[in-house]
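J.: Numbering follows this note's numbering, in which position 115 of the sequence shown is assigned residue number 115; successive positions increment by one, without gaps.
If you're looking for bench data, these hints aren't it; they were derived computationally from the structure. Take the hints with a grain of salt, since some may be wrong.
[Claimed, not checked] Heads up, simulated DSS-like pairs for lysine-lysine below, C-alpha to C-alpha not over 27 Å straight-line:
| # | residue 1 | residue 2 |
| --- | --- | --- |
| 1 | Lys249 | Lys171 |
| 2 | Lys48 | Lys171 |
| 3 | Lys207 | Lys151 |
| 4 | Lys207 | Lys171 |
| 5 | Lys48 | Lys20 |
| 6 | Lys118 | Lys197 |
| 7 | Lys118 | Lys48 |
| 8 | Lys207 | Lys197 |
[As the list claims (entries may be wrong)] What follows is a list of derived Cβ distance ranges for each label pair:
| # | residue 1 | residue 2 | range |
| --- | --- | --- | --- |
| 9 | Lys37 | Ala163 | 54 to 60 Å |
| 10 | Phe141 | Gln185 | 39 to 45 Å |
| 11 | Lys118 | Val65 | 23 to 29 Å |
| 12 | Ala109 | Val146 | 23 to 29 Å |
| 13 | Arg228 | Ile38 | 50 to 56 Å |
| 14 | Val65 | Phe141 | 50 to 56 Å |
| 15 | Gly172 | Leu28 | 51 to 57 Å |
| 16 | Ile38 | Asp226 | 55 to 61 Å |
Keep in mind it's a predicted model, so treat the numbers as computed, not measured. Think of the CB as a built atom: it goes at the ideal place given N, C-alpha and C, for glycine as much as any other residue.
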Amino acid sequence: MNYDLIKAQIIATASEYGGKILLAILVLIIGRIVIGKITSMVSTLMDKRHVDRDVQPFLNSLISVMLNVMLLLSIAGILGIQTTSFVAVLGAASLAVGFALQGSLANFAGGVLILIFKPYRVGDLINAQGFTGVVEAIQIFNTILVTVDNKTIILPNGALSTAPITNISGKGRIRVDMVFAAGSQNGVDAIRSSIRKVTNSCPTALKDVEHDILVTKLTENAIFFDVRVWTLSENYWDTYYYVNEGISKQYSVDNIGAPKPAELSVALKQ
């Protein structure tokens with residue numbers, strides 16, 4: 001065995017690649033330190049911007065993975081490894097996966113946007129995609145609504161992030177709008193007084209605001225009132241049903257007569 005030849009090959013290899021290996025190790029160490037600093041800064045920035053804590057770990061992990069992939073590609077380039085083919089194959093694979101999962105990716109992106117910008121929160125009453133309900137959970141791919149009749153509705157976040165949403169609970173207070181009718185023979189003041197008794201006695205109606213009881217339509221047989229009662233968002237349905245039932249009972253107590261069904265049908269068409 002020619003030890004001199006082997007020694008010469010080792011020296012030649014070390015001379016050719018030794019500097020590259022040392023540089024690659026140095027870049028790896030410095031790169032890891034820089035990545036740690038960047039992820040720490042991003043985490044601090046998200047805390048200051050009050051980004052949801054449920055999404056912060058995911059975003060940190062995503063940023064860290066992306067930066068580490070870039071670091072590894074840089075190190076491979078320093079060592080002389082051809083990364084062009086590798087990047088091309090990775091890009092093609094990513095494109096194929098992206099097409100296969102484009103619906104899920106859209107929902108995922110929508111979930112991240114919802115968690116960051118918070119158009120609604122857990123516990124809010126919202127109307128979206130034709131459904132009205134209380135937000136039970138905001139997941140990465142879906143938002144879970146519970147309707148008034150206790151049905152669970154699962155809505156994809158991709159659609160929610162790009163379509164109009166009515167956040168009924170957004171301001172904390174909400175106005176419950178209702179329409180009631182009574183026979184015109186009763187008189188406006190008598191009907192309004194009867195309705196006022198119900199709105200004043202409603203336990204979920206706010207006491208520091210005036211509730212509107214407005215004549216909205218007069219016909220030969222009926223008087224129509226817009227009744228607008230202010231309440232807290234979470235008490236919307238309790239207020240709605242209380243006032244509806246209460247007015248029916250109060251009409252009976254106050255002898256407020258309703259239009260005959262046939263007459264009311266004609267009045268509504270006018």
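J.: For each hint, tell me whether it holds in the structure or not.
T.: Now for the hints, and whether the structure bears them out:
A C-alpha spacing of about 32 Å is found between Lys249 and Lys171, which places the hinted pair above 27 Å, so the restraint is violated. Restraint check for Lys48 and Lys171: satisfied, since their Cα atoms lie roughly 23 Å apart, inside the 27 Å limit. Distance hint between Lys207 and Lys151 is unfulfilled; the C-alpha atoms sit about 32 Å from each other, more than 27 Å. With a C-alpha separation of about 17 Å, the suggested pairing of Lys207 with Lys171 holds against the 27 Å cut-off.
Distance hint between Lys48 and Lys20 is unfulfilled; the C-alpha atoms sit about 41 Å from each other, more than 27 Å. Distance hint between Lys118 and Lys197 is unfulfilled; the C-alpha atoms sit about 39 Å from each other, more than 27 Å. A C-alpha spacing of about 15 Å is found between Lys118 and Lys48, which places the hinted pair at or below 27 Å, so the restraint holds. At roughly 13 Å between alpha-carbon atoms, Lys207 and Lys197 fall within 27 Å of each other, so this suggested pair holds.
A C-beta distance of roughly 39 Å is found between Lys37 and Ala163, which places it outside the suggested range of 54 to 60 Å. Hint check: Phe141 to Gln185, Cβ distance near 58 Å, so the stated range 39 to 45 Å is violated. At roughly 25 Å, the beta carbons of Lys118 and Val65 sit within the given window of 23 to 29 Å. One distance hint, 23 to 29 Å for the beta-carbon pair Ala109 and Val146, holds here, with the actual separation near 25 Å.
At roughly 53 Å, the beta-carbon separation of Arg228 and Ile38 lies within the given 50 to 56 Å, and the hint holds. At about 20 Å, the CB distance of Val65 to Phe141 disagrees with the hint of 50 to 56 Å. A hinted range of 51 to 57 Å holds for the C-beta pair Gly172 and Leu28, which are about 53 Å apart. Distance hint check: the CB atoms of Ile38 and Asp226 are about 57 Å apart, consistent with the given range 55 to 61 Å.
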